[in-house]
Structure formats: C-alpha cells, structure tokens
Amino acid sequence: LAPEAQDTFVLTRGTDRCIVAYPLNEWRRYEERFVQLNQYDEKQRFFLRMILSWCEEVELDPQQRIAIPRRLLEFAGIEGKVTIVGMMDHLELWNPDEFVRYLESFGDSYEQVASAVMK
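For the sequence shown, the numbering used here assigns the number 20 to the initial residue and increments by one for each residue that follows.
Source of the hints: derived by calculation from the structure; they are not laboratory data.
Positions of the beta carbon are idealized from the N, C-alpha and C atoms, including for glycine.
Mixed in with the good hints, there may be bad ones.
To be verified - Here are the computed lysine to aspartate or glutamate pairs in the DMTMM-like style, where the Cα-Cα straight-line distance is at most 25 Å:
#, residue 1, residue 2
1, Lys-100, Glu-117
2, Lys-138, Asp-108
3, Lys-138, Glu-117
4, Lys-62, Glu-51
5, Lys-138, Asp-127
6, Lys-100, Glu-130
7, Lys-100, Glu-123
8, Lys-100, Glu-75
9, Lys-138, Glu-123
10, Lys-62, Asp-35
11, Lys-62, Glu-75
12, Lys-62, Glu-123
13, Lys-100, Asp-35
14, Lys-62, Asp-80
15, Lys-62, Glu-78
What the hints assert, rightly or not - Cβ pair distances, simulated, as ranges:
#, residue 1, residue 2, range
16, Gln-82, Val-132, 14 to 22 Å
17, Ala-133, Leu-67, 30 to 38 Å
18, Arg-36, Ser-128, 17 to 25 Å
19, Ala-21, Pro-81, 28 to 36 Å
20, Met-69, Ala-21, 22 to 30 Å
21, Leu-71, Glu-23, 28 to 36 Å
22, Glu-23, Cys-74, 37 to 45 Å
23, Leu-122, Glu-23, 15 to 23 Å
Could you put together the complete structure from these sequences and hints?
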C-alpha cells in the first residue's frame, strides 16, 4: 500500500457481485473522472448514485486489517471466507463460491479469452 493511501481504502459495490477496495490515492483518481460525468445524462447519473451510495471509507487497524461494513458483505454474499483478487489498482473481494461460478460462466477457455483480449 503506497504511503499516499494513508492506510485507507474506499470500499464500494463491484459490477459482478463483489466488493471493490480502492486504496485512497487510487480512489481519488477515479473521483477526478467522476466529476467529468454529465449528471444530466440518466445513465451517468445512475452510475454515480450507485457507486457513491455504496462507498465506505475504512482504515487499516494496527494488524493491517479492515472492517467490511455488513451491507457490503451481504451484497456480495460473503460469510466467513473470502476470495481476494488483485486487479492492478484495486482489490476485489468475492464469496469464494460466487467467484468460481463467475469464472465458470464463460464458455470459452482462459486461453481463448486471453488470445481475444490481448490481440
């Protein structure tokens, strides 16, 4: 975690029934993009309302842990165990079974998807 994150994460609802956790400094970069959105456009306004209404700022405790708010845990269906996926500038927190279902939902193999994406 970069010092600029100030031991703080911003948690919010992800797009595939997961929780996303952004270090504070990375979240600030997204906020800069959010202010550029057109609040008079219905879809952009809806997106802003959804992502921002689910936001929770949490700090690392002395053992480097975070407390995840109950409403986010319930949204993601997380009870007990969690799968953490590093996504470059943020983390995704998944119910382990839900993550497996997500991966299996693609008919193509990883190799086929990688080939198509990385052309």
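Each hint tested on the structure:
1. Lys-100 x Glu-117: holds, 12 Å
2. Lys-138 x Asp-108: Answer holds: Lys-138 to Asp-108 is near 23 Å, not above 25 Å.
3. Lys-138 x Glu-117: violated, 29 Å
4. Lys-62 x Glu-51: holds, 18 Å
5. Lys-138 x Asp-127: With Cα atoms ~16 Å apart, Lys-138 and Asp-127 stay inside 25 Å; holds.
6. Lys-100 x Glu-130: violated, 28 Å
7. Lys-100 x Glu-123: holds, 19 Å
8. Lys-100 x Glu-75: holds, 21 Å
9. Lys-138 x Glu-123: holds, 23 Å
10. Lys-62 x Asp-35: holds, 18 Å
11. Lys-62 x Glu-75: holds, 22 Å
12. Lys-62 x Glu-123: violated, 29 Å
13. Lys-100 x Asp-35: holds, 18 Å
14. Lys-62 x Asp-80: Distance ~37 Å between Lys-62 and Asp-80 Cα, so the pair is violated.
15. Lys-62 x Glu-78: It is violated: about 31 Å lies between the C-alpha atoms, which goes past 25 Å.
16. Gln-82 x Val-132: 14 to 22 Å: violated, 37 Å
17. Ala-133 x Leu-67: 30 to 38 Å: Between Ala-133 and Leu-67, where Cβ atoms are some 32 Å apart, the hint holds.
18. Arg-36 x Ser-128: 17 to 25 Å: holds, 23 Å
19. Ala-21 x Pro-81: 28 to 36 Å: 19 Å Cβ-Cβ, so the 28 to 36 Å window is violated.
20. Met-69 x Ala-21: 22 to 30 Å: Hint holds: Cβ distance 27 Å, inside 22 to 30 Å.
21. Leu-71 x Glu-23: 28 to 36 Å: violated, 21 Å
22. Glu-23 x Cys-74: 37 to 45 Å: The hinted range 37 to 45 Å is violated for Glu-23 and Cys-74, with Cβ atoms some 19 Å apart.
23. Leu-122 x Glu-23: 15 to 23 Å: violated, 32 Å
Comparing the model with each earlier hint shows violations of hints 3, 6, 12, 14, 15, 16, 19, 21, 22 and 23; every other hint is respected.
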